[in-house]
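One line per chain: the protein sequences are A and B, in this order. Residue numbering for the first sequence follows the working numbering, starting at 7 and increasing by one per position. Residue numbering for the second sequence follows the working numbering, starting at 107 and increasing by one per position.
It should be emphasised that the hints constitute simulated quantities derived from the structure, not laboratory data. Treat the hints with caution; some may be incorrect.
As the list claims (entries may be wrong) - Cross-link-like lysine-lysine pairs, in silico, DSBU-like; alpha carbons within 30 Å at most:
1. 300(B) - 67(A)
2. 80(A) - 147(B)
3. 337(B) - 100(A)
4. 285(B) - 187(A)
5. 27(A) - 80(A)
6. 178(A) - 147(B)
7. 134(A) - 67(A)
8. 134(A) - 80(A)
9. 67(A) - 166(B)
10. 300(B) - 285(B)
11. 134(A) - 147(B)
12. 80(A) - 67(A)
13. 100(A) - 166(B)
So you can see what is in the structure, the chains are spelled out below.
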Amino acid sequence: MEPLSDEELIERSRAERGSPKAERFLNELFQRHHAKVAGWCLRMTGEVNSATDLAQEIFLKAFQRLHTFQGNAKFTTWLFVITRNHCLDELRSKEIQLQDSSDVLLEGIADFQCENISSELERRESEKLLRTLIREALDEMEAKVLILHYVNELPLDVVNRMLGLTNRSGAKAYIMSARRKLKRAHARWKARQPQAMREGRDVK
Amino acid sequence: MSSNSTTDRTLLRAALARGNACLPIERLEVLTEGPAATRSKLEQHVRSCAHCQTELELLKTFYEGGAVDSGDVRTMTATLRERSKEIFRPQLDHTPRKHRWWRLVRIAWPSALAAAAIPLVAAVVVAYRQASLQPVLNETPSSGREVFRSSSFAVISPNGDVPAQPTEIRWERVHSAAKYQIRLSEVDGAEVWKAETPDDHVALPSFVLSRTVPAKTFFCEVTAYDSFGGKVGETGSVRFRWLLNANRQ
Numbered sequence: 007m008e009p010l011s012d013e014e015l016i017e018r019s020r021a022e023r024g025s026p027k028a029e030r031f032l033n034e035l036f037q038r039h040h041a042k043v044a045g046w047c048l049r050m051t052g053e054v055n056s057a058t059d060l061a062q063e064i065f066l067k068a069f070q071r072l073h074t075f076q077g078n079a080k081f082t083t084w085l086f087v088i089t090r091n092h093c094l095d096e097l098r099s100k101e102i103q104l105q106d107s108s109d110v111l112l113e114g115i116a117d118f119q120c121e122n123i124s125s126e127l128e129r130r131e132s133e134k135l136l137r138t139l140i141r142e143a144l145d146e147m148e149a150k151v152l153i154l155h156y157v158n159e160l161p162l163d164v165v166n167r168m169l170g171l172t173n174r175s176g177a178k179a180y181i182m183s184a185r186r187k188l189k190r191a192h193a194r195w196k197a198r199q200p201q202a203m204r205e206g207r208d209v210k
Numbered sequence: 107m108s109s110n111s112t113t114d115r116t117l118l119r120a121a122l123a124r125g126n127a128c129l130p131i132e133r134l135e136v137l138t139e140g141p142a143a144t145r146s147k148l149e150q151h152v153r154s155c156a157h158c159q160t161e162l163e164l165l166k167t168f169y170e171g172g173a174v175d176s177g178d179v180r181t182m183t184a185t186l187r188e189r190s191k192e193i194f195r196p197q198l199d200h201t202p203r204k205h206r207w208w209r210l211v212r213i214a215w216p217s218a219l220a221a222a223a224i225p226l227v228a229a230v231v232v233a234y235r236q237a238s239l240q241p242v243l244n245e246t247p248s249s250g251r252e253v254f255r256s257s258s259f260a261v262i263s264p265n266g267d268v269p270a271q272p273t274e275i276r277w278e279r280v281h282s283a284a285k286y287q288i289r290l291s292e293v294d295g296a297e298v299w300k301a302e303t304p305d306d307h308v309a310l311p312s313f314v315l316s317r318t319v320p321a322k323t324f325f326c327e328v329t330a331y332d333s334f335g336g337k338v339g340e341t342g343s344v345r346f347r348w349l350l351n352a353n354r355q
């Protein structure tokens with residue numbers, strides 16, 4: 007007999023709500039995903055005991071919110087969103103600060119320095135330019151490292167484990183290489199601009 | 107941290123953030139194993155979008171996590187299996203049980219009376235002995251025990267495996283202490299919460315209560331200070347864990 011899908015297990019547990027059968031269905035459902043959540047938490051914390059506690063909290067949260075599962079996505083994807091958000095909240099609650107060494111990415115690029123961005127319009131222009139440079143100059147892995155570190159605020163050691171980076175300096179090496187490429191790309195972009203525009207921007 | 111680096115980060119975050127054309131997670135899911143025709147349409151956007159590429163990579167990492175055969179993950183899944191009951195129990199216990207009144211009739215009344223009398227007699231004997239042997243040294247509305255000279259004192263509760271969710275921390279009062287510093291941490295040493303109080307107990311705030319899930323281990327440490335800020339005692343690290351079946355073990 008074919009085993010029940012995740013979604014079918016949820017349906018059955020809802021139908022048997024409050025009975026021991028419901029617990030059995032949910033137990034089976036969650037056990038299928040223990041390794042996924044455990045592996046993810048281990049990547050986040052790098053330590054078995056705290057990762058196990060984190061995984062338990064995630065399953066507790068998933069259990070408490072199971073009534074919100076509508077079936078728009080697969081259960082695995084739904085669980086992924088809960089897992090990722092819970093882990094990010096956990097990292098933020100521990101107030102892990104981004105390492106200073108990585109905050110040099112835009113150093114030396116005048117257009118991206120705060121003293122040169124005084125209005126909302128300039129900020130939007132700088133943002134647009136930076137987005138273009140990132141798309142054109144960086145490779146896939148460099149962009150992923152930047153997103154995980156700067157947007158998701160993951161510390162560098164977590165980025166290393168998440169992306170399975172095994173090179174000597176890990177994510178930091180990608181950030182440094184991204185910095186070099188962005189600087190060169192910016193210089194090329196600057197050279198393409200008409201003289202008047204260049205001066206206009208630099209005068210500020 | 108300099109304001110420059112803060113601007114860098116704000117600018118970077120804005121430039122790398124999710125765009126309007128970015129795919130929601132349930133569409134990205136299709137790229138992991140959806141039909142080829144749908145996949146090719148979505149791939150066009152993902153190929154040029156670093157944000158969606160990263161999201162997809164994370165999703166795949168999660169999906170494939172179950173396939174990784176690692177000793178650590180095996181240990182963790184075994185622990186999670188053991189703790190499964192702890193995850194379901196608090197909620198399932200909330201379901202109202204049918205009250206069957208006729209079961210009361212089956213109780214043997216003489217045995218019940220005898221069982222009730224034993225703790226009553228024991229309590230009277232203990233109270234009499236305590237009243238006759240211990241002089242009252244300092245009657246304060248505290249948790250009871252007080253430490254006068256020793257530099258170490260004890261956390262009264264929670265301590266070890268406890269059957270109910272702890273809502274406060276209570277410790278022995280230290281005679282010369284003007285205030286107590288309480289520190290709560292997780293197994294990896296990460297601080298969860300810290301507080302100071304002149305009392306011999308402190309209530310756990312709601313955000314801590316939400317994190318004290320069944321079977322999760324915490325460490326609590328209380329340090330006593332005199333009115334000059336000098337340390338006059340400490341409890342050391344005390345482990346506690348809320349186990350739903352702790353009183354049965």
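Legend entry - Violations among the numbered hints: Of the numbered hints given earlier, those the structure breaks are 4, 6, 7 and 8, listed in rising order.
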